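*Asks:* These two chains come separately, so use the hints to put the complex back together.
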Amino acid sequence: MTRQAQNMIKYVLKRIVLMIPILIAVLIFTWLLSHMMSVNPFLNKIGATRDRETIERVLRESGYYDPWYVQLGIYLRDFFTGNWGESFVIMDGKTVFQIIALIFPRTLELMFISIIVVPIIAIKLGVVSATNKNKPKDSLIRGVAIIGAGLPIFYIAALTQLFVGLSLEQFTYGLIDLEILGTNNFSLPKPVPFGGVGTGFRIIDSILYNDPIYLFDTILHLLLPVFCMIFVSLSGITRQTRSSMLDVLDQDYIRTARAKGVQENKVINKHALRNAILPTSHMVIAGTAGALTGSLFVEMIFNYTGFGYYMLMAIYGGDYFVINGLLVFSAIIVISGTLVADVAYTIIDPRIIY
Amino acid sequence: MTKMTSTLESSKIYEEQPIEKKGIKGLLKFYLIPGWRNPQFKAREYEIGKLKSKRRMFRRLITPLTITGIVMILFIVFMAVYSPWLTPYNLEQVTRPYHPPDLSYDVPSAIHPLGTTKYGYDLLARIIWGARTAITAAALPVIIGTLGGIALGTFSAYFGGKVDAVIMRFCDFWFALPTFIIILIISPMVGRDLYNILLLYGLFGIPGSARWVRALVLQVRQNVYVRAAITGGAEKFKVMFKHILPNAISPVIIGFFGGMGAAILGFAGIAFLGMGDQSYADWGTDINFGIGHLGAYWTIVWPGLFISIAAIGFMLIGDGLRDALDPRLQI
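So the sequences go chain by chain: E and B.
Sequential numbering of the first sequence, starting at 1041, is according to our numbering.
Sequential numbering of the second sequence, starting at 218, is according to our numbering.
Heads up, none of these hints are tricks.
Derived pair list, reagent style DSBU-like, types lysine-lysine, alpha-carbon separation capped at 30 Å:
| hint | chain 1 | residue 1 | chain 2 | residue 2 |
| --- | --- | --- | --- | --- |
| 1 | E | K1050 | B | K379 |
| 2 | E | K1306 | E | K1177 |
| 3 | B | K269 | E | K1173 |
Label pairs and their computed distance ranges (CB to CB):
| hint | chain 1 | residue 1 | chain 2 | residue 2 | range |
| --- | --- | --- | --- | --- | --- |
| 4 | B | A382 | E | F1203 | 46 to 56 Å |
| 5 | B | P314 | E | M1076 | 20 to 30 Å |
| 6 | B | P463 | E | S1102 | 50 to 60 Å |
Hints were generated in silico from the structure; no laboratory data involved.
A quick note: this is a predicted structure, and the numbers were derived from the prediction, not measured.
All C-beta atoms in this analysis are idealised placements derived from N, C-alpha and C, irrespective of residue type, glycine included.
Bound conformation, chain B alone (with noise of 0.2 Å):
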């Protein structure tokens, strides 16, 4: 609809101003100087491809909602980068073996705007420093699975077979054991730090992704110019991945962003329960430190509040590029 209004006042522009015709003269100037062309076409041209690259997709993708989301994911990603000029407080003074002199659960004051937690850790430089933590929880997880998910997900629907065959039995088996439970049975094996547990995350998160990317590729599969490039000879990891993954992989982008909300959210439980690693200032960790001390609310309120809006701001963004690139796909 959008698309034919486009062209609608593109050709009005046309026709509300013709191109007066300057003869022999303008033609011999075009012919004869290099790149000279009527200025008013020009204008004109200019015009029109203004309207044209107000192309549909980014037209429905800058909604209300999805600004809110990019802000919010940029306010934490300012946090992120700027860390150690918003606080005066080290992320030596504010984590695990460091004891500071202040008083633990202290009341906010002007020291301490959002007050004291545990040990008398100043709670806005953890929430701070926890935004670096929290964005790497984002990222790194969601960037090894999607990535593993694609690998395993083609594999497994381009050869079928056996492979398949095996490939979506681990995964049935996968899908029977309660990933989260697992997660906190294995982190404390793994030593508890920050980058085993989030590697553990990305790695168990795998077979879903596979399972989706295997489904995605199998439609892709059927199109007539995949069988025309395996009937012209074309070696199969080309196939797999230069004729199909491409065009299957604009869901995989999308479920990127939701993705990266769920993983926010995975492992600031992981680290309310205790599992997380005390090395790094962490919102989850700091609820943690709060769920005991009910009377200082603010221990808890805070941090619970930047893990909302980091998720929130990812599940935005990830549900606008949904309704902009594919809205029939159901994440």
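So here's chain E without its partners, still in its complex pose (with noise of 0.2 Å):
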């Protein structure tokens, strides 16, 4: 093993250890914000009783009346030991790892696309800009980019749901409604069957099962909401590649490369985009973890059941054990993705070293 892997694998380590202290920051933080919630969560688990004596009795068992730090206390252990609640308002008695096993995929399906298409569209568009500054080519890019970067996701989202799903007769909110696919059915029936064993991923169920209706199906409802996704971190990622790429053509060691007789697309992939890259690769690994939020209002706006839209159901009800969890799991995305980034940096620049 050379001594640059051995660094490495020390750094990662290092980082992994780091990442404790702030979970446990992060924890407490969802703490306090439960604490201060301006729901009262118990008078939702109780329901509609009045009785002054069952209210007491349920607060007394689920430790109201505690001191604080035996709830703080007993909040840290039950996370660790896995304990992270049961859902009470918008998915009623499912534990929230459940929840999480059964929302994440959803959202992973609709990023998933947006995540691997557009880095790869994205540096090209920023590439063409930069090489063809100040023509028409870049005048057309940045009018889109800007646009996208301009334009907020949800107005984006809702435009697109106006004028393909209301305008047009074909689509119906966000699919093709043709009788001979036998889609926009309510009913359609799962492709898992009774006791089988589902990713959660509709997509990867559908072909492991072989439902192409349902796949066909799947397909047509991501079309909308995943055009959202791509067009509005297309644009960041275009800008971001433009300027970096304008920067470095400018450099002393493009002009001796062109002097020194290189084709001229050797020096713009080669020479000037792999220095190029760095910050635009930092946008793509650490936006993804951001996209969550953005994610957020494309699920609201065409009614796509994943992390984003239950996140807004259970703040909207209160649900402060699955607000806690779908929190704390959404540090732990962007953390280790933070550290995936680093990670990656040294594969993307060989000259950064840890």
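*Replies:* Shown next as structure tokens:
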């Protein structure tokens, strides 16, 4: 094993150890949030009862009258022993782990295409825009990028829904309504047979259990939300690539490469792009975790029952175990995303050594 | 390059019209009459000064895109300043407790040029009054966030050591949280007041700008003049805010405008999810009103258009400033 790889492993281990205090801070913060919440969660849990004794009994059983350090201690212990609590508003009786297993694959399905497709298209667009600076191509790309960055994502989603879903008769709210395909059917059975093992991803499930109608239905439902996600994240990465590319193209080594007769596309793709790509890659990898917020609006407008949708429903309903669980879960994703980004930098740019 | 051409041009003028020598008479006038100067020379000096005043930055700043952005922002500011004159409705007649007698989600007509929205509020009046909210929502969070970030970031970078470690660990912790969702959770707790939400939004922006300012200050701190000031016995605060900060401030000013665009979008998002202040006319709330009624599409299209105009305007100004002042900067 080389020295650098050893250093790398040491670095990663150190970062993982450093993650624990941050996680505990996040936990304490979520505990504080649930204490300050304007909705009293216990009244939701009890239901319509006005009986004073019942309320008192439930409050005492759930530890409402304990001192704060006991409550915090119980909260931390429950977290590390894997008992994240149960929902009592949005999905009655299900544990937070079950809810995450149910909804997170849906959001991943929505984000997956934009994670894969967007960097490829956006970096290409940014390079084209930078190499044709102040020409019609550049103006067109910049215009589209600025529209994507300046229009709020919920406005784009609402407009797509308005003009595609309402104005075109073949589309009804995000899917093509052709009778032949047998889609747009609310009672479409799930492809996983009773007792079978599902992954939670609709596309993978329908491929595994060979259900083309369900697959087609899923893909058609994904079309418009995915379009919105792509459009918005495309613009940010394009703008970033363009500005860092313009910076690099002014450097001396680019002139040297051109002067010694390197082909133009090699100058662009090898000499310039490799140096310009680091900020972009930061945006791609770290921004993926931040895309949870963007998908919240899209999920809200398209009634796509994913992570952001249930997050909002939990906030509206005051379902505080679910809020805390989802917050901690997304914090874990963001922390590990940053770690992955930092490790990926060494692959993208070999000059960075930890 | 441009600087060189400007000096070339001025030297060309100098060569084209050589000052004709007036001998002793001119010299006597110059010495005896106070304030007298050769008019020919004066005119030439004026011309050279004019050339110099078209400085590099200014010329690069005035690009078509930047002008478009400035016009957009001026339009929004115009609407915000003259809103009582632009619409016959008061703010009270288009906000929450008041119920007008008109139909809700009505089609555009002569009385309501853009139609009506929920509860029969006039949409045009709401949009015009909403410009004030938008300008506030753009300015306040960014001012709070930037000032707090400057203070924290400068302290952190200058003192280093334990202070730095504590502040940076706090920033790490803060970046792990989805800020937008936290604001959604906290905003009902602080009473859904417009200024409370904006204050919250600004406070939550502090760690981001603090980390950024810290990186800038760390760069400037290595310069020789800072060490000279420290050696000369200057006080810590004087070094921080007189020697270091003015040299690190220009990227912050550039980031200010981009941040304003982002703040408008963020606040519109909060209002769209129904967490905004209902006693103010607000474009995000307008879209929230219209989202369940796609048949009345004007209630969505117009407010969104104005959000976009404001956000894109600030972003264009930010981009133009970035290109003019500091093209290497990556925001």
